[in-house]
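J.: Residue numbers (our numbering), protein chains in the order written: chain E, 10 to 489; chain D, 10 to 489.
One should not assume that every hint holds.
Intra- or inter-copy, both count: the list cannot distinguish identical chains.
Derived SDA-like pairs (lysine to any residue); straight-line CA-CA distance at most 25 Å [to be verified]:
| id | residue 1 | residue 2 |
| --- | --- | --- |
| 1 | K341 | P106 |
| 2 | K373 | D263 |
| 3 | K341 | A237 |
| 4 | K128 | I270 |
These are calculated hints, taken from the structure and not from any lab test.
All values reported here derive from a predicted model rather than from experimental measurement.
Protein chains: 2
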Amino acid sequence: MSGEYDCERVFRKVDRDKSRHVARVRRLLKQPSSSQEDIGIDECAELVGRLYREVGCEKVKVVGTKGNPIVYGECKGDSDRTLLAYFMYDTMPFNEPGWKHPAMGAKLVDMRLASGKVKAIVNRGADNTKGPLAAFLNAVDACNRANGRPPVNLILVAEGEEELGSPSLPAYVRKDRKRLSKADACYFPFFGQEQAGACSHFLGVKGVAYFEMNCSGKRWGRGPQEFAIHSSNKAWVDSPVWRLVDALGTMTTDCGNRILIDGFYDDIAPPSEEDMDLIRDLAGKVDAAGFKKTMRVKEFMLPEENREDLLKAYTYGTTLNIDGIWGGYTEKGSKTVLPHEATCKIDVRLVPNQKKRGVLPLVKKHLQRHGYGDISVKEVDTGYDWCRTSVEAPVVQAMLRTYRAYGHDPTIWPTSGGAVPFYVFNRILKLPFTMGGIGHSALPHSPNEYMVVEGNRKIASLTEAEKFMVSFLDEFAQQR
Amino acid sequence: MSGEYDCERVFRKVDRDKSRHVARVRRLLKQPSSSQEDIGIDECAELVGRLYREVGCEKVKVVGTKGNPIVYGECKGDSDRTLLAYFMYDTMPFNEPGWKHPAMGAKLVDMRLASGKVKAIVNRGADNTKGPLAAFLNAVDACNRANGRPPVNLILVAEGEEELGSPSLPAYVRKDRKRLSKADACYFPFFGQEQAGACSHFLGVKGVAYFEMNCSGKRWGRGPQEFAIHSSNKAWVDSPVWRLVDALGTMTTDCGNRILIDGFYDDIAPPSEEDMDLIRDLAGKVDAAGFKKTMRVKEFMLPEENREDLLKAYTYGTTLNIDGIWGGYTEKGSKTVLPHEATCKIDVRLVPNQKKRGVLPLVKKHLQRHGYGDISVKEVDTGYDWCRTSVEAPVVQAMLRTYRAYGHDPTIWPTSGGAVPFYVFNRILKLPFTMGGIGHSALPHSPNEYMVVEGNRKIASLTEAEKFMVSFLDEFAQQR
């Protein structure tokens, strides 16, 4: 069947249905779905189900979990290939200050980007990721209306807990493994262009483990037990804050860059030949100055001249990062207290073949061994394992061919530094995985989050982004 | 002239004028004087001046400084002895939650203490220290009304910046040194009884230096320079938070109990014979269990069995205490950031013969030497030097005799752990110094701060507290 799919008809439908497609995007965006605050979640799940049906999907079901519902659907395709599309319908909260337009108004506004003028919708979730979800459903709608079906069979899975660390997704996937495993690959749609128009393609993501270490006088049995006391008592009473500092000091050296926890590096695999090829290729292309400018960083950890080592550090480096630390009096002036506790938040980025579930035991064992067994180590959110798909995988090749067909030559990274729950599909279901798309959106987790609807010479419009998705499905149908 | 002063007449006047005295206390308390917020300061200074005149003082002057005014006054006495009474008329803010009665209402309420029922005035400053200031003025008023003058010449100095670290007081004292140095000793009135009725007497106070250490990517030239970036970048970007942890780790060992800064202990004098006698005496009397209970501490830093070492640690121990530490994300959940800076607040308690102005240079030199010269060390408030008066000083002996005359046998401490600006009088003007009184007040810096007006069998009433002050002046007139 491959090669016969009439994409051009679908593209014409995308163009004709433009205003309907924009309306669908706005409809989904305007439905609140803040999982951290539990605002609008059930309503949004129902809406996603209705949209599945509206664009021609079958077997639509809002599936209950221990947490927020998962919205399942299927769509018969024009080939024997099956793609599992993963979405999240939940968003971050949207009540922070700084919104220039209502966070739930889905207003279409003029905007000036590095690449020129565009028209964009401003709304929470426009970028992360109800915008791309709606765009993908628009693409499916156009396929169904133009040709009766999309190029491949589709399984749609939308979860509502991504911003909570996807706690219910692994159990759901394990339970429904048989049905979901029919897929040949998994796809996460997003708008992949930077402000200036360039695309990067990531073959995987790192894993992440996140925990809090708390040193309290109560558990220690020394120092103030219940509240901060007058600091004159430091002369004869111990300090839990100093104890946390001492304990942290045993965990790394070289300002955190070398981790001293026994076994921490043991599971890390050396870079594969494929990865080393990619790293060497990246070393010649990567805009290190651009990264530094975006992050407002003057110097990388390693000398920048050796690009290969730098990129190896980024892609193969595990980390023990202090996200936050606090204890005692932290406001203006000179309140004199001996605090009863201190806490820090730490995240660990995981690379192949580290195991998320291995991190906390190693940290606890280290503290125990160094005499800090009373310091608590508590997981915060569930974290994710890493995931990886070879650049040779058909689904990745289909994605890269689509990029090239649309005039893009993305830089290819073995992994992104970010953490998303793709391991659920990649490592539990053993599906090759890809993510990508064109179009532009930005400011996730920030005020004035937006997605471009009318692009410019460098940035694709929403209609182009939807056509890209159709072409990708078609490429995937053909690629084996 | 000594020995001729008729205290009994004054006492009768105190009793007769009781309601007028309580009214004066309430009047002073109800005038806001929050120095940190600059609320009511000038009005309170004017009121203190009016009260000076009202109780019979002369040469009253509200003296301008670089900061808040100092209120000066004199009162001719019945002997050739002169006492400088030091007061503070400013208070902490009073807008915190938790007040059961209006913080500026000076309401007289029934209260149950460990020692039984009392009537007390609830108001910000009742304990710290506009209550004792008004009580002392009441005592002077009664002396003047009953006998035409108090037992000794008085010089009154009230400052309005104590809660800011008394920044203007040293310059004022140096400028007015000639006039102030006429005093034979300095006295700070307060209500010295604990809830159960017992008194402690302190022969000095420790000094304090307070500073903030800030490690920022900007000054370091490494790590994020301007804002927290996504923590995935820890793999190739340095961490200012880990750097602060490392730097702190070089400054102490043993959970902060042993300071590793070169020269930190150099100026500390060994305990004098007098102090060792006091410490041995205290070792037999001190209620260590009571201290632990009040502070909710299970174990002291040192084994409690060796009371002498424990008390030597408290009285002769210098400290490097972390009052607070903060950096990055400190709220709920798992935000993943690589922070661009981290900060801690540290206070150092100073004992003879350490110098406050020596502390910051030692810390800076230490950081410099260990390669952390970019970490800033910034003084917060001005701090104080330590002060000490021998137990043999006539003004101390007068105070101890007064305690005994009122049925109290206070435990005598070489120093309190607290920090107050007494060094200004003790070390700049070289005046022997004492503080004390009976009566009870509590909850400084907290909601529901109070002072007892009607006492019980253990706690003196306001009238008794005022009589004590008269007796102390009389004892001081006689004691040489």
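J.: Next step is simple, just say for each hint if it's right about the structure.
T.: Cross-check of the supplied hints:
Within a single copy, K341 and P106 get their C-alpha atoms as close as 23 Å, and across copies as close as 18 Å, so both meet the 25 Å cut-off. For the identical chains of this complex, K373 and D263 are neighbours both inside a copy (21 Å) and across copies (20 Å), given an alpha-carbon limit of 25 Å. Taking the shortest Cα distances, K341 and A237 sit within 25 Å of each other both inside one copy (17 Å) and across copies (21 Å). When the C-alpha separation of K128 and I270 is checked against a cutoff of 25 Å, the pair qualifies neither within a copy, at 50 Å, nor between copies, at 60 Å.
Violated hint for the displayed structure: number 4, the only one.
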